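J.: For the sequence shown, counting from 1, position 41 maps to 41 in my numbering; every step adds exactly one.
Don't take each hint at face value.
[Unchecked claim] Here are the simulated distance ranges between beta carbons:
{"#": "1", "residue 1": "Val2", "residue 2": "Trp51", "range": "23 to 33 Å"}
{"#": "2", "residue 1": "Arg37", "residue 2": "Thr57", "range": "26 to 36 Å"}
{"#": "3", "residue 1": "Asp21", "residue 2": "Gln50", "range": "18 to 28 Å"}
{"#": "4", "residue 1": "Ala13", "residue 2": "Thr57", "range": "16 to 26 Å"}
None of these hints come from the bench; they were simulated from the model.
Computed from a prediction, not measured in an experiment: that's the story for all the values here.
The beta-carbon is built from N, C-alpha and C at its ideal position, and this holds for glycine as well.
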Amino acid sequence: MVIVRTPGFTRLALTFQEGTDAAGKPILYTRSISNVRSEAADDAVYQVAQWIASLSTDLLVDIQRVDQAVLAESGS
Numbered sequence: 001m002v003i004v005r006t007p008g009f010t011r012l013a014l015t016f017q018e019g020t021d022a023a024g025k026p027i028l029y030t031r032s033i034s035n036v037r038s039e040a041a042d043d044a045v046y047q048v049a050q051w052i053a054s055l056s057t058d059l060l061v062d063i064q065r066v067d068q069a070v071l072a073e074s075g076s
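Given the sequences, and given the hints that come with them, work out the whole structure.
T.: Okay, here's the thing in structure tokens:
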């Protein structure tokens, strides 16, 4: 059995810290950017994430690239 992988969507998820709560735990929120080209190189995606984060006054905590793909059996 041969499995074929078909790329789906790719998005970028940036997690920021906007402060701390009364207990001293970080208050985090995530912003997602859709329609990232699935063939984009990781270093290019990372640089774009850094640039987007530079527009915020909050601390960038995490950068995630989320790739989705469809797996199916080959017809042959």
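J.: May I ask you to test the hint 23 to 33 Å on the CB atoms belonging to Val2 and Trp51?
T.: violated (40 Å)
J.: I want to verify a distance hint. Is the separation of the beta carbons of Asp21 and Gln50 within 18 to 28 Å?
T.: holds (27 Å)
J.: State, for the Cβ atoms of Ala13 and Thr57, whether the hinted interval 16 to 26 Å holds or is violated.
T.: holds (19 Å)
J.: Has the hinted range 26 to 36 Å been met by the Cβ atoms of Arg37 and Thr57?
T.: Between Arg37 and Thr57, where Cβ atoms are some 28 Å apart, the hint holds.
The structure fails to meet hint 1 from the earlier list, while all remaining hints are met.
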